[in-house]
Amino acid sequence: MEHQQIAALLRGDGALAGAEDAEAVAVYARGAEGAGGWTVGATIPAALDYSSPSALNKTLRALIAGMPDCRIVVGREIAGIPYHVFCRQGFEVFEADVLTDALLADILQDVAAAAAAPPEEEDYPTKPLPTSACGIYTLDLVKMQAAHPEVSSKMALKDFLKGDFKELRLTCSHVPPWLANDISLAGATMAGTPTDAGLVRVVIRKKA
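Okay, so the sequence shown: first residue is 890 according to this note's numbering, each after it adds one.
It is worth saying that the hints were derived from the structure and are not from the lab. Just so it is clear, CB atoms sit at the ideal spot from N, CA and C, and this is done for glycine as well. Fair warning: there could be bad hints in the mix.
[Unchecked claim] Straight-line Cα separation of at most 35 Å, DSBU-like style, residue types lysine-lysine; simulated pairs:
1. Lys1096 to Lys1032
2. Lys1016 to Lys1043
3. Lys1043 to Lys1055
4. Lys1096 to Lys1047
5. Lys1032 to Lys1095
6. Lys1032 to Lys1055
7. Lys1055 to Lys1016
[To be verified] Cβ-Cβ distance ranges computed for the label pairs, FRET-style:
8. His1037 to Ala994: 16 to 26 Å
9. Ala994 to Gly907: 21 to 31 Å
10. Ala951 to Lys1043: 51 to 61 Å
11. Ala1080 to Asp958: 49 to 59 Å
12. Asp1012 to Pro1066: 19 to 29 Å
Could you put together the complete structure from these sequences and hints?
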């Protein structure tokens, strides 16, 4: 039922409100298949306390607790702390000027389309990334080349090896044949260890 209900922030006159001037939240539920239309399943007072960030956070969470089966919210403007709290609680957040049945139907359609869409591939860096340890970097060449097939291992590493680092940790399907020569020229050493997944972990260390 979470994606069949929509919480609308309302003013006292029933018009769509923003988070700051909302006086109530009406939870709309779509009618059964073939019945059409929307019904208000619950109306909850929106007593949001803007006296401090912590007070606002607390009253927002109390408001959300009153509509446990709803994870979509719409208002004229939902920004700042209200936006972040709704998002952290798993809500899809929408903004609009006027509340209509057509708007509610469009929102449900957008949510359904987003849920059905294939997940976007996470962009992966094309250069070594620093770790929390000073001077130590890491790069998974397998993931990088899956995300960026146009970037070769040499393109990703050649300039980096000329720079200042203590250690570079790589994950690769095989040790690139050009790597040993460039590591020698860079005054570094290399050690490789096979993994159970059939990959190779390579550690490159700059000589002191």
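When the structure is checked against the list of hints, which entries are broken? Sort them ascending. Structure breaks hint 8 only.
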